[in-house]
Amino acid sequence: MGVDGTFGADAVRELAARSGEPDWFVARRLRSLERFGSLPWPDPSLEEWRHTDLSGFSLDGLTPLPPRRARASNLDGVPREALARMGEVGEREGLAVQVDADVVHLSLGREARAAGAVFAPLPEAARDHPDLVQGILGSAGTPASEEKLTTLADAFASGGTFLHVPRGRRLRAPVQSFRWLSGPGIAVFPRVVIVAEEGASVTYIEEYRAGELGGPALACPVVEIYAGPGADVSFLTVQDWPGTVWHFQTQRAIVGRDASLRSLGATFGGRASRAVVESVMDGAGGSSEMLGVYFADSDQRFSYWSLQDHRAPNTRSTLTLKGALKGRSRAVYRGLVHIQKGADQADAYQVNRNLLLSGEAKADPAPFLEIEANQVRCSHATSVGQPPADQLFYLQSRGIPPKEAERLVVKGFFQEVLDRTGVPEVRGALERAVESELERDGGKVG
Amino acid sequence: MSMPAEEARAGEILLEIRDLRAGTEEREILTGVTLTIRRGEIHAIMGPNGSGKSTLSYVLAGRPGYRVSGGEVLYKGEDLLALPADERARRGVFLAFQYPVEIPGLSVVNFLRAARNAVHRPEMPPLEFHRFLRSKLSLLDMDEGLVRRYLNEGFSGGEKKRNEILQMAVLEPEMAILDETDSGLDIDALKDVSRGINAVAGERVGVLLITHYQRILNYVTPHVIHVLVAGRIARSGGPELATELERTGYDSLREEEAAAAGPLA
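For the record, the sequence lines run as chains A and B. Each step along the first sequence adds one to the number in the numbering used here, with nothing skipped, and position 24 is 24. Each step along the second sequence adds one to the number in the numbering used here, with nothing skipped, and position 8 is 1008.
Okay, chain B solo, but in the shape it has when bound (with noise of 0.2 angstroms):
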């Protein structure tokens, strides 16, 4: 259940990653992350691929099949890790999938209803859903065909995209993250997607933004940038820090983190 807006201020802290360390059965991916995102923060991980980025996003929606093996995260001052992910996402906790699941004979309107009404009490009515549904759909401008169409069935790569951005809207939680909802959109999308984010980010809002490209922060404005290398953060900064990596890449990120860790790594 979401907090009431008067008791959630901005600045507060709302998300405490500390030394997390998981990853699957056979391998740890994230070898002691830390990282602190208050209300009204937009933070980006930026950093190569299988540096630990979608790892990091499925341990904190709760996906079953990994494991963490050290360290917390403090949700609101709880431990989110011990929450299903189901009470996860009903306390404000929302994650935009990189790769949405498709539901067959499920359809995108009935699986917002559900979703809505099981994440904020009282229900809406149906006809006010409706109408609030509507208004989500014009800010993304998408089409009201396709809430009729089942869910993510056949859907392009940029209508995935846009859907979950679409249903963050509806959701309306308190700490968004979004694991590469840029990765392969063509500018419209791309521009429409950041303005649904834009608009979900607020005084009361959190927003971890996952990305491998700098492109969507021309678009969405971090307050800080991390990056994210073999399972830890390796610096973090403003947003300098992503034309920076634009230059000259994550390379010497790596060579910097591998000279850390010393000559067995």
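In isolation and in its complexed conformation, chain A is listed as follows (with noise of 0.2 angstroms):
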């Protein structure tokens, strides 16, 4: 896994002069760069990574600098193949479109100008409104074993969306990013930062895909979400690359007091997807609600990490996370349900469901508890097994084919978690990433 000059400090520069950085800026970035050259790459026989499968991964052929691509008012310089996957998009209060590592089209809405919200490529709004960046800008912390992957993020964040709601202010519609890849070798670090003030509301989707890129690519998203006193923070994420990208996520969020996050994850695509999930419930009263769903072919590698982090009292957060796996896939869950001293009356739940749908797939889930704290509620459960045969064979009881049979109950499992999802057009567009993962390979699974 080395690094050629390809990700040096020239490229460092040359990337922040796309959008002109101002120096604290840059200098964080080469702060970055550096701490990633003194880091080794991540050790896998550390618990962390051990389940992570590295091999045939590597920078060589890869650049963070693909061709520049210029912004646009309107949707022109979005490719015609990005259009026709972004799918309906329903009524937003905000639209980004990164394409490779440039941010080519940026909408906000007038209702959200009004109500003072800023919304723009993280560079720009570092340049643009150091006030609302410059404080809080990576202040919710890295864990240390993502470190190497989050300094290599940091030295070469591209595109990414940066989006402050101002205290009170609810946007009614959701702000949307949508992150294409135009071809294979590239590296994107595209960095979310979403800050919703007190008793501010906003939902976020964030969805990565691409067309067949016949060759490796890297994306490694970093997501900060704040929010404050009373906030409530949707936040719903949708992986759907091609089977060569290396994915790797992490994702951090502090949860103020009586505020409310809700974050989906949707995993679909990917030669390899690692998200590291986590929720610091920071004030008295705050709650996190994680739910995830992911569904795994042929070779491909998912892991997810989770932490519940409960810091103050009458927290509650819980996880919901739930996986089909086909062909020779590999899924693994490692959880922490962790209450510190002092957050006495936590309620946190943690459940991972797996259904394997051929023999050869196979689920990995382990979840943790650490508590030092009086008077809590946790618990968690797991599973990993085939649908369940009473309810295939009441429904071939109607009639209804084998495979047919399957089908229903795997979609009816990912159901409970789709119902959730609070925005029909993501719902709908999980549902169809289902739909279209149970279709394939059609023919060889009995």
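Calculated directly from the structure, the hints in this document are not laboratory data. Beta carbons are placed, not taken as given, at the ideal position from N, Cα and C, and that holds for glycine. One thing to keep in mind: the hints can contain errors.
Below 30 angstroms or equal to it, Euclidean Cα-Cα: the simulated DSBU-like pairs (lysine-lysine) are [unchecked claim]:
#: 1; chain 1: B; residue 1: Lys-1160; chain 2: A; residue 2: Lys-411
#: 2; chain 1: A; residue 1: Lys-362; chain 2: A; residue 2: Lys-148
#: 3; chain 1: A; residue 1: Lys-411; chain 2: A; residue 2: Lys-362
#: 4; chain 1: B; residue 1: Lys-1160; chain 2: B; residue 2: Lys-1191
#: 5; chain 1: A; residue 1: Lys-362; chain 2: A; residue 2: Lys-403
#: 6; chain 1: B; residue 1: Lys-1160; chain 2: A; residue 2: Lys-403
#: 7; chain 1: B; residue 1: Lys-1076; chain 2: A; residue 2: Lys-403
Part of the chain A face toward chain B, derived, beta carbon under 10 angstroms [said to hold, decoys possible]:
#: 8; residue: Leu-83
#: 9; residue: Ala-84
#: 10; residue: Leu-369
#: 11; residue: Leu-392
#: 12; residue: Arg-398
#: 13; residue: Gln-415
Each of the two chains sits in its own frame; use the hints to bring them together as a complex.
As structure tokens, then:
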């Protein structure tokens, strides 16, 4: 896993010049690059990385500097294929489209502008709104196990979005960013920063797609969410890359007093997909609902790490993660509920359920609890198994052929999570993604 | 696929069970059941717990985990046991489950449409299906809201049983097997369920009503009653047999059966 000059300081400066970034932001990039250089690649013998198969992964042959793409006020700069894959975009308060390393379109609705919301690619937000960005960027912290990747992502942050919703403002329609790769050999590092001030409310949709690339690519998003006191944030991620993309995502949310966060991660694509998703309940009464679905096939490797970190009393967190696996795919789940000292009356659960649709697929879930407070309620449950035989028989006894019965059971299995998306078009897109996964390899699975 | 109406005649043999022996992998539960059902007939099978009533219904429906060790079952003259469960249903065999299965995330209406279209061709256009479904719901005095819920999830015992009968009404089977559909129902639900059964029963349809209690026979009148004891039919008779059983209970029949089987049984 070598790094040559393509991931050096000159490349950082060239990337920074694209948006005329302020000095502090460029300096931050360069510090991160230095830190990146001083860190070893993740040791596969560490528990955090033991289950992520990095064989075949290399930065060699990838560039963080694909050809620059211009911004347009319309969608003319968006490749036709990307437009087709975006599908139905419902009523949106804001829309950003990133192609490779550049945001080629960004718009914010009149209502959101009137409310004083700020929505911009991160480097431009750093340039135009340093007062909003400089203090908060990176303050959520980084999981130590991910630092090699997050420092790389900091150094080469490309595109990305910054959203700031002022105190008490509620954006009625979702804000969406759609990120597209136009070809192989590209490494993108979108950084997403969402700040909802006290009492603000927003739903954000983050989507990753590309056509068949015919070669490797890397996507390494880093997401920071700050939900102020009483704020209400939904963050929905749909990852549907083709099968040659390495996807390593880190997401960390700071949930304030009486704030509520709902995050959903849907993983369908990529050669290997690793998501580290963390919620920190930092203020009393805060709550976090983590939802996840994944559907792996062929040789895909998915891993999902969660942290529900309770640091204040009367906080609540849930995790519901459901996956189906076909072919020789693998899914690993590791999750920790940590109730820190003083987080009395905390209430948390973790559930991970896996359906194996082939004899060669494997899932390996392991939840952990660490409790240092009093009077808490914690529970967890995991399961790995085939679609329940009694459900399949019940459907077959109504004339439904075995394959169709399995399809209905698997769709139903995901529905519990999909019903919680809160955005009809996202729910519809996920239902279609599940359908198309079910149809893939149609002839082979009995 | 259902047989076109004009080919099916009342009185013609529909289901023929001959000396059926079956059970789980470990144990033979049915020790030789023989029974013939003609189109237009309602048969009731009564019997104490553990007599093999549910085993019989599951074996007829093709549930995995049961082993047939002898005898045969002919449906419309063909070997029923050779067919997979879904094919039996498509040919017109229906089982109302004693314990309906919950399928989270699958709505009743989507399930019913998938089942109806699997069993009957051509497919019913969606609007026509909804009209059809509404008529079945009102027949059973069921709330339309129920079909938007997930299949049997969070249903009360009565809702589950009504839902079984709704499925039967939608699938319009030729051979309906009802496994203790009456158990655990209050009187209103029992009346609704009975009305559903009577509506499906008719000249071309055979009904096998498996029950522990005589109560449902006040609302659905069988042509023949069989008493299943220790895996075989101990007695058969007309509706009057139910009244007799009500009086004497199953114990007398159990003793008769034990005496007939000899001292080693």
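Hint check results:
1. Lys-1160/B <-> Lys-411/A: 22 angstroms, holds
2. Lys-362/A <-> Lys-148/A: 28 angstroms, holds
3. Lys-411/A <-> Lys-362/A: Holds, at roughly 19 angstroms.
4. Lys-1160/B <-> Lys-1191/B: 15 angstroms, holds
5. Lys-362/A <-> Lys-403/A: 21 angstroms, holds
6. Lys-1160/B <-> Lys-403/A: Holds. Lys-1160/B to Lys-403/A sits at ~25 angstroms (cutoff 30 angstroms).
7. Lys-1076/B <-> Lys-403/A: Measuring from Cα to Cα gives roughly 27 angstroms; hence the hint holds.
8. Leu-83: Violated: closest Cβ of chain B sits about 30 angstroms from Leu-83/A, beyond 10 angstroms.
9. Ala-84: 27 angstroms, violated
10. Leu-369: 26 angstroms, violated
11. Leu-392: Holds, because the Cβ-Cβ distance from Leu-392/A to chain B comes to roughly 9 angstroms (cut-off 10 angstroms).
12. Arg-398: 4 angstroms, holds
13. Gln-415: Result: holds, 3 angstroms to nearest chain B Cβ.
Going through the hint list in order, the structure does not satisfy hints 8, 9, 10.
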